[in-house]
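Peer 1: Single-letter residue listing:
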Amino acid sequence: MIGVGKIKQYSNVLDKPLSKGKQEVSLSAFAFLFSELVQYNQTQVDNIAELERSRLEDAGYAVGARVLELLCHRDKGNRRETRLLGILSFVHSTVWKVLFGKVADSLEKGTEHEDEYMISEKELLVNRFISIPKDMGTFNCGAFVAGIVRGVLDGAGFPAVVTAHFVPVEGQQRPRTTILIKFAEEVLRREARLG
Amino acid sequence: MPPVGPRSGDAIFANVERVNAELFTLTYGAIVRQLLTDLEEVEEVNKQLDQMGYNIGIRLIDEFLAKSNVSRCVDFKETAEVIAKIGFKMFLGVTASVTNWDADGTCCSIVLEDNPLVDFVELPDTCQGLYYCNILSGVVRGALEMVSMKTEISWIRDMLRGDDAFELQVKLLKQVPEEYPYKDDE
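Line by line, the protein sequences are chains A and B.
1 is the number of the first residue of the first sequence in my numbering; add one for each residue after it.
1 is the number of the first residue of the second sequence in my numbering; add one for each residue after it.
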């Protein structure tokens with residue numbers, strides 16, 4: 001086997017200094033890769049719901065869990081948010097800024113339900129080069145980002161159901177993407193207790 | 001006016017839209033993990049990664065040609081240099097070097113010291129046969145096929161396996177003459 005018997009540069013990945021996160025790759029490189037992720041997962045499912053919920057979201061979840069760990073360590077001195085609004089603004093600002101180069105366009109509280117919050121983005125990075133075929137209905141590749149958000153929230157102790165939706169905007173050709181976060185009951189109960 | 005002659009990899013990279021490499025790295029990691037779960041066999045994962053890379057390569061070559069302003073390479077040596085100096089830089093923001101030419105100039109190595117795919121990555125014992133970056137070899141193979149070069153690509157060194165760099169051996173199998181779908185007088 002290649003490599004056996006040679007000295008590793010770092011005996012393990014933890015010995016390696018953590019990068020500052022300033023490195024970049026071209027947007028096309030990411031878009032090509034993301035397109036392959038979607039296409040591959042399309043071959044693994046029978047329907048759109050499965051593609052969104054159990055494939056793209058899962059892939060995103062894995063990214064989110066790691067992003068939380070990375071950012072808490074690098075940017076927040078090993079501290080993480082423990083309050084609802086704190087973690088939401090962490091996602092909306094810090095996480096978004098690192099992953100997508102900008103703060104999310106908006107963070108709103110749902111008007112109908114106490115436990116719902118929405119992060120909206122006029123043009124979500126992963127949807128930039130995506131057009132949805134007619135027969136795929138409401139499919140939204142933002143499910144990947146919804147997964148990232150769920151991964152971050154879950155890892156920080158805020159379990160939630162997170163979904164991505166297209167919302168038409170007046171006067172705009174392309175709809176915006178809204179990431180809908182519905183927190184688990186226990187999160188709201190804890191939040192109420194903390195006052 | 002479009003610039004005359006090929007543009008440098010740095011110049012192109014500075015002008016294209018870019019994203020944080022960590023998003024790219026972690027997304028790639030998510031793909032590899034999905035494949036390992038779905039396909040179970042490391043060999044199958046290697047194949048699938050290569051296939052994904054190939055799919056990317058056959059599309060990426062268009063963007064490469066459009067943005068780099070590279071004209072036809074005179075020989076395979078020039079091709080390899082262009083891939084290393086312009087191709088890798090333009091998409092991944094890293095440069096590679098070309099070494100280990102064989103006597104007849106049809107086989108060489110592209111060496112990468114910096115590779116955004118492998119940040120945070122360590123291969124567990126169960127994945128020792130995995131060519132984690134196999135997508136890259138697929139990309140190069142796919143892109144070259146679109147410019148009439150059939151190649152065979154294999155990993156010689158891999159930092160995840162304890163080597164000091166990533167080394168991709170590119171072997172030119174044959175140059176396919178271009179076939180025009182139309183006749184000259186039409």
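In case anyone wonders, no lab produced these hints; they're calculated from the structure.
There's no promise every hint is true.
What the hints assert, rightly or not - With a Cα cut of at most 30 angstroms, we get these calculated BS3-like pairs of lysine-lysine: (1) B:K67 - A:K97; (2) B:K67 - A:K122; (3) A:K16 - B:K150; (4) A:K134 - A:K20.
Said to hold, decoys possible - A short list of chain A residues far from chain B (calculated; beta carbon distances all over 12 angstroms): (5) A31; (6) R66; (7) N78; (8) G110; (9) T138; (10) V167; (11) K182.
Glycine included, each C-beta is placed from N, C-alpha and C at the ideal position.
Peer 1: All the hints need checking, so say for each whether the structure fits it.
Peer 2: These are the hints, each one checked on the structure:
In summary, the hint linking K67 (chain B) to K97 (chain A) is supported, as the alpha carbons are separated by about 28 angstroms, within the 30 angstroms threshold. Among the hinted pairs, K67 (chain B) with K122 (chain A) is consistent with the structure: their alpha-carbon atoms are about 27 angstroms apart, no more than 30 angstroms. As the CA atoms of K16 (chain A) and K150 (chain B) are separated by approximately 38 angstroms, the hinted pair breaks the 30 angstroms bound. About 42 angstroms separates the Cα atoms of K134 (chain A) and K20 (chain A), which puts this hinted pair outside 30 angstroms; it is violated.
Distance check on A31 (chain A): its Cβ comes as close as 9 angstroms (rounded) to a Cβ of chain B, failing to clear the 12 angstroms threshold; non-interface status is violated. Once the 12 angstroms rule is applied to beta carbons, R66 (chain A) is inconsistent with being away from chain B; the minimum gap is 6 angstroms. The beta carbon of N78 (chain A) is kept farther than 12 angstroms from every beta carbon of chain B, the shortest such distance being approximately 17 angstroms. At roughly 27 angstroms from the closest C-beta of chain B, the C-beta of G110 (chain A) stays outside 12 angstroms, upholding its exclusion from the interface.
Remark: the non-interface label on T138 (chain A) is consistent with the geometry, its nearest Cβ contact in chain B lying 23 angstroms away (cut-off 12 angstroms). Once the 12 angstroms rule is applied to beta carbons, V167 (chain A) is consistent with being away from chain B; the minimum gap is 24 angstroms. The non-interface label for K182 (chain A) is consistent with chain B: the shortest C-beta to C-beta separation is roughly 23 angstroms, beyond 12 angstroms.
Hints 3, 4, 5, 6, counting from the list given before, are not met by this structure.
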